[in-house]
Structures are given as C-alpha cells and as structure tokens.
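The primary structure of each chain is shown beneath.
Number of protein chains: 2
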Amino acid sequence: MNKVPHRIYLREDQMPTQWYNLRADMKELPDPLIDPATGKPATEEDLYPVFCKELAHQEMDNTTRYIPIPEEIQEFYRMYRPSPLIRAYNLEKKLDTPAKIYYKFEGNNTSGSHKLNSAVAQAYYAKKQDLKGVTTETGAGQWGTALAEACSFFHLPLTVYMVKCSYEQKPFRKSVIQTFDADIIPSPSDTTQVGRKILAENPGTTGSLGCAISEAVEKAVTTEGYKYVLGSVLNQVLLHQSIIGEESLLAMQMIDEYPDIIVGCAGGGSNLGGLIAPFMRDKLTGKTDPRIIAVEPASCPSLTRGRYAYDFCDTGKVTPMARMYTLGCDFIPSANHAGGLRYHGMSPILSKLYHDGYMKAISAEQTKIFETAIQFAKQETILPAPESAHAIYGAVQEALRCRETGEAKTILFGLTGTGYFDMVAYQSYMDHTMNDYIPTDKELEASFAKLPKIPGIQ
Amino acid sequence: MNKVPHRIYLREDQMPTQWYNLRADMKELPDPLIDPATGKPATEEDLYPVFCKELAHQEMDNTTRYIPIPEEIQEFYRMYRPSPLIRAYNLEKKLDTPAKIYYKFEGNNTSGSHKLNSAVAQAYYAKKQDLKGVTTETGAGQWGTALAEACSFFHLPLTVYMVKCSYEQKPFRKSVIQTFDADIIPSPSDTTQVGRKILAENPGTTGSLGCAISEAVEKAVTTEGYKYVLGSVLNQVLLHQSIIGEESLLAMQMIDEYPDIIVGCAGGGSNLGGLIAPFMRDKLTGKTDPRIIAVEPASCPSLTRGRYAYDFCDTGKVTPMARMYTLGCDFIPSANHAGGLRYHGMSPILSKLYHDGYMKAISAEQTKIFETAIQFAKQETILPAPESAHAIYGAVQEALRCRETGEAKTILFGLTGTGYFDMVAYQSYMDHTMNDYIPTDKELEASFAKLPKIPGIQ
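Protein sequence lines, in the order shown, are assigned to chains V and A.
The numbering used here applies: residue 16 is where the first sequence begins, and numbers increase by one.
The numbering used here applies: residue 16 is where the second sequence begins, and numbers increase by one.
To be clear, the hints were calculated from the coordinates, so they are not data collected in a lab.
It cannot be assumed that every hint is accurate.
Copies of the same chain look alike in the list, so a pair counts if it fits in one copy or across any two.
Taking lysine to aspartate or glutamate and the EDC-like style, the derived pairs with C-alpha atoms no more than 16 Å apart in a straight line are [to be verified]: (1) Lys302 - Asp275; (2) Lys424 - Asp275; (3) Lys142 - Asp40; (4) Lys457 - Asp50; (5) Lys383 - Asp446; (6) Lys108 - Glu90; (7) Lys18 - Asp28; (8) Lys18 - Glu86; (9) Lys375 - Asp304; (10) Lys109 - Glu27; (11) Lys375 - Glu74; (12) Lys42 - Glu239; (13) Lys393 - Asp196; (14) Lys457 - Glu74.
Bound-form chain V, shown alone (with noise of 0.2 Å):
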C-alpha cells in the first residue's frame, strides 16, 4: 500500500471553525466599490437596499482576519463537509511525473460544487434577518442548484434567473432547482423593466450572465422584503469559501504536505479564491512562497488579456463599480463557449492580488480542456465539470514541467465539481462539433472602449 492515503478526510471536530478572510493580510486593498450615482466609494450602509446587513458588512470588512463560521452553517458543512483531499496517484503515474499531485474535490454534493459552501452562509444570513426571499442568477447551473438547496433547508423562498440558453439547453438543471422548490425564470425576462429593455432591443437575445445579474438584483430591490445573493467575485464569497483552503491546509499538514505550487480555475474567482487562501496568507506574512496559478478559459480571458480598471459587475449597469481585471460589463463569450468561468470579470481581490504579482494566470482553449477532463475520468475515475477541468489542465502543465526537470514538486489544484450535467458539452467534443473561439484584439479593444469613465478616477 502507498503511505500516504488515497483519499485524505479531516474528522469532523478538526473542521475549520472560522472563515479567513484574505483582506486582513493583504498589504495593499482592492480599491473601493464605486457608488455610479455618485462617483464616491460606497459605504456599507450603500450596500444594503441589495444585500443583507450581515453580508453587506462582511463585504465592506476588511480588517477582521477571522470570522467564526456561525453553528448552523456549520451544521450544514458538516452534512456534506469535510470534502476530500485526493492523492492523484494514478494520474502522477500516468504522466511519468516525479510529482506529488493532490486535488481538493468539492463534487460531492447534490449541487455537484463548491458552490454550495457560499450558499449555505448567504441563506443563513437571510433568513436571520428575516427576509421574505431572495433572488439570484445562474449561469451553468451549480450555483442555482446550490443555492436551491440551501434556501430549501432554510425555508426561504427564492427566485433564479437562469440565463436563457442554459435553461434551454439544460433542463435537467432547471428540474434539479425546481426539485428544491426554487422559482426559475429565463433570462432575459419580461419580469424587469432591464430585461425588458434587453428583449424590445434584442428579441432574439439567449441571454448572459451580465443580463441575469442585473433582472436578479432589480427584482431584489423592488420587492418587498427581498434582497439579491451572488455565488462568486464578491469578498464576501471569497470569505466563505476560504473553508476549502484551510481544509486542504489542514489535510495536508495531516501528511506532512505543503504545496508548492497551487493551481484553479477562475471565472469570478469563487473556487480559486476560497482554495489558496491559507496559502496566500503564508505568502503574504512572508512564511512560505508558493506558485499560485489561476487558469481560465480562452474564450473569456479577463486576467490574461483583460484591463485592470473600474467596471460595472452586470450588463444593465445596475451593480456598484469594481475595479479588477475585465473585458468590459458588455463582454459575452462566443456561445459555442461550454459550461461556467463566463463572467466579464473577476474577483476585486484576486484582480488586486495578480496586478501585485501574488499570482499568475494562464488560459486554454476549450478543445484541450475536454481533451484533459476525458483522460482526467479514466484515470482518476471523476469525471469533471468543464470549469474543474481547467485546473486541471494547469496542474498537468505543472507535472509536465517537473517530469522535464526532474523536480518532485508537490502540487494542489481545486477540482470544484463534478459534469454529470454538462453532457452536451462532452458529446459536442466527442462528436467534433466543438470549436475554439478566442476574441480578436479588436474585439476586445471595441469593448475596452466602452469601460466607465469616472471624473478623476478614470
């Protein structure tokens, strides 16, 4: 037998009991969310026509280096947590590599990712300050799914707007979410005066992320005793999936492990941002020096070739502004683009943490991403959402480095999910129909032309 397991689990007493929260130890903070109205940085209070109390101040906090996870949601985590760190021994042994390959697996729940760990704290909150519902936008359908789940065990009603050509093209997610007695609308709608400009302007319209977000937080606002929720790039999330770091951390201090290199893919910033916390903490304290890689598709490359500049975070430019690394709020991937990491933007803290030189990013097109999720399946038998597949493939360029200089690295990728919903996309693969669409220059230059301009800011 190896010495170190296959499967690393922490016991449930050894569970993370508070969330970190990256910003304490950051040396310099992202820069502040712009009110529009305004042109001033917004204040907590700003916040909460659209937020809850409580997670509007922990989206402002950025002082508290921990915040103890409250006992229901911990509760929660401990239905489905801890998740498993996973030695990937036969996908080392499959690319001859001298490398020490772990994965964090946050596939094993009935939402199929991480996802849920964001949900549970956001209903939570909501239902303590005894909201009447809330409202939020899907894309791929983990977070709608993993939402679904929580408001169900809260009993707090929620309505999703799910962007159009997902609803269409996966109705086996929308039935999941509905098994959850969640309310699903496809987006764009005619149940907000945005979604409704959206359609007189573009009937034909399948919809984006970008629109969804702005039906889901207009319908937040006007309703009565609702408020908006949002599973990836705000802190807040970051905040709440830090719990997957200081898991893996745990995990592996357990086997005398610490990774060198750390590598996840990235479309808001959700999974990446919650995995190398622990880790960025030792970085930025000066402890250790780890090689933190984000990866992201081709076809939505924001940190790789997107600006550095303030941006709205939705298309109806409904949203406070947030400067971090963007292709602009009008931004939408080629349709032929498969599953999540589709968003315009990117996290504020993870944009403010790559502008600093705390992380690299490197992107890859889609055909190689399946190509890598296939070979993943057969040897680590999960077969992975097309998002987990790109740290995937981050962590096998990394193994691949170290087969060349002989390097026993130890390297820790997140796989956020599993693709039991996402098999279009696969069959599209399979059958050659998928391509790889990458923006032009042009294209992306048309769209940084239309960034914001603020008086003496930008």
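Fit chain A to the supplied structure of chain V, relying on the hints for placement.
Frame of chain V, contents of chain A only:
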C-alpha cells in the same frame, strides 16, 4: 456538536481486504442452476462459455467463507472508497423519531452507484484471463457506466446493450458511457439473432432488461475472446458487493452501534445482498437477530408477489435456469415505471433467505417513492436515485413506527446512488404526469403459467 459525527469514514488501512461469501454460512444453500439443455445442475465448467474462469468459480463456490480481494482491485477501490456511513440527523429531526438512522452512501463516484464495486472486479478478472473484451446490458444505465469506467481503466473493450427506451430517454447516460470508450448499442438490435427475432416479432418494441441480457450473452458466446458480465442477481455480484456491508459493520463498530433494522432496495439484489452480508452472517450464526427488510417497486414485485420457482434469467431463454422469486421471464414492468429495479427475478441467494424467513419484503408505489426522495433531498442534501429512494421509504416507515412505539431503534439503510441522470422521472413526478401502475393478479397468473416445465423438478 453531536456526539456521533455526521459522516463516518474508515481509514484507508481499515478497509476490508476480503469479500465475504454468504453462502458459506447458509443453513441451506440456494438450489443449483439448471442447464436447460440437459435438465441437470450446471457445473462450473458449464459456465465457462459465458463467464471468465475465476468468476465462474466464484459463482459456484458455496464453501469458501472469505475470498481475498486482489491488490489491483483494492487499489481501484481506494480511488473511491471507503464510502461514508452517514447519520441522518436532519431526517430524524424531520420525522420526529427517537430512532437513529444511518445510511451507507455509495453514490460518490462517477458511475453514481455501488455498481462500480463489482464492475471493477469483473473487469479485472476478465483482463487477467487475457480476454479481448466483454459484453453486458444496462437498463437505467448505472451498471453500464460503472462497467465502462472499470473497463476503461483496465484497457478492456466493452460492448453495452442498452434497453432501447433508456437509450432514447437518457442520452446523457449514453454520453458518459461513451466518454469511457465503450460501444453502446440500443437493444433489441440487429447485431444478434435473438435481437433480430424480437424485432421481427415486435418491430415497435422499446426493449427490456431480459432482452438486452439475451443479446449481450449471445454476442459474448459468438465473439472470439469475449465473455459476458452482469451487474446484479449473480452470486459473484453479491460476493463483490459484500464490501458495502463489511465497511458498514466496521464503521458502526467505530461508534459503538449495531443495526436493529437493515433496509435495502431490491431489484436483482446487488445492493441489498452486499449491504446485509455481514449482518446476515451474524444472524445465520445466531450472534444477533436484526430485522432485514427488502423494498421493491409495486410495479415489479418479485419478492412480494412472485413465485419461488425455476426460471430463465433472460427473455431470450439463453441462460441457465435459476430458482428464485420471479414474475416470469417475459414480465416487463409498465413503461411508466421509472428507474431501475425492473428485473423479473431476484438473486437466488436472497430468494432462498427470504423463502426461509431470514428477511421481510415490502413494496411501494412510485409516486410515494418520489415523494420520499424529494423530502430526503431537502433534509439530507443528497438527491437520491429512484432505486435508492425505495430503501429510504422503508427506513422512514420503520422510523415512524419507532415514533409511535417510542423505541430508539438503530436503523441502517443502503443509499445506492444519486439521481442526476433521473431528472426526467423527477420532472414527471413534479408535473403530476407520473402514475402508479401495478400489475393485476390476472396478468401475473398469465406470466406464471409460462414458467418453464422441468421434468422431475417443476
């Protein structure tokens, strides 16, 4: 925090290293297989044209109590096992029962069920015998997926005959199976004599499990270097699945528990037979006396309404005859019946134990099953396969009985897998288009009248 953790995992070095052969402890053995050509008991050698040698040996081995699990199979098991034993705290709370409910969850692997436990073993032995490939059938698709994963890992070609209605209704199952490189053929097909005959007699047929078995067996015995493998019913399958029960027993010992009641769903018996194995050992040897309950669909009620008689294992009557509880090998459950558990017969081992009074059986209508499934998903955050929901239903009935009597019994049930590929059925339940068809006595009598006549036996 609760004293007993929510999820109990064995350490990797605590995992069972041998399978348990229930037959070695049975007071009376199941009746032998009968060769339809001679009317005499089949020998191990008689099975060689169909099964590879080691599996034929395991099929006929009534005496070896423990069979070591080959290291290569253990190594594969370590990729996805041990599976968790989970305390259903939230379900208990919802039911307001003094009972303690545990379930052994086998769905945390890409095949989505316990089927992988036997698939790995069968693929391994086939590869070890240098076979060129294997054939099998699949109904709901879980077995086909599991075997495709296992065969891909051992580089063994696989042809799957998939019941035509499933093939058409579950395109995503097909895609997953193809991801692992298996050939997949809708059954009945023109690739076999028996398939052509069935198609000629009934051109519009959507197929049945019994018919797909006939095709897979014919294909195996007529293709050089090929053998046939099966995911349920057989003694060898129950042997491999004993790992479920052995792990459950060890996990319960870790928390000083032992089940008063054990509940499993029953189609061909693969999960139930594996789950109960060590507890039945205790019962057969007089050590303990747990109550053991099989739960089957009212639309395919082999234990509760079938005959204990010799019957063919397939529709085409190409297999040996087994004495088992059967609805007749031509019986096909209503097309409205969702999910698996649609086999006309039942494992000969379980049939004998049931016949001799060692276990009970109940049946349930499918709308009740889906009602239970959705309640469970909301409480425990796992969306169960329809098959698994039968076991939940049985456990809930027992827990409710405890509420009435005030007894704090310990209930263990088998949660065989997840329902991610069963959303069409979930949707039809939510849309109220699902109904409960139960075969009439007259229909069953007509089916029993066609049971084979064997001179001197029946």
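Hints versus structure:
1. Lys302 - Asp275: within (13 Å within a copy, 53 Å between copies)
2. Lys424 - Asp275: Within one copy only: 6 Å inside a chain, 50 Å across chains, cut-off 16 Å.
3. Lys142 - Asp40: Classified as neither; 31 Å inside a copy, 55 Å across copies.
4. Lys457 - Asp50: neither (30 Å within a copy, 74 Å between copies)
5. Lys383 - Asp446: Cα proximity of lysine 383 and aspartate 446: one copy only (15 Å, versus 40 Å across).
6. Lys108 - Glu90: Only across copies: lysine 108 and glutamate 90 sit 13 Å apart there, 38 Å inside one copy, limit 16 Å.
7. Lys18 - Asp28: between (24 Å within a copy, 10 Å between copies)
8. Lys18 - Glu86: Intra 35 Å, inter 15 Å, cutoff 16 Å: inter-copy only.
9. Lys375 - Asp304: within (13 Å within a copy, 61 Å between copies)
10. Lys109 - Glu27: neither (33 Å within a copy, 22 Å between copies)
11. Lys375 - Glu74: Classified as neither: same-chain Cα gap 25 Å, cross-chain 56 Å, threshold 16 Å.
12. Lys42 - Glu239: neither (40 Å within a copy, 69 Å between copies)
13. Lys393 - Asp196: between (35 Å within a copy, 9 Å between copies)
14. Lys457 - Glu74: Intra 35 Å, inter 67 Å, cutoff 16 Å: neither.
Hints 3, 4, 10, 11, 12, 14, counting from the list given before, are not met by this structure.
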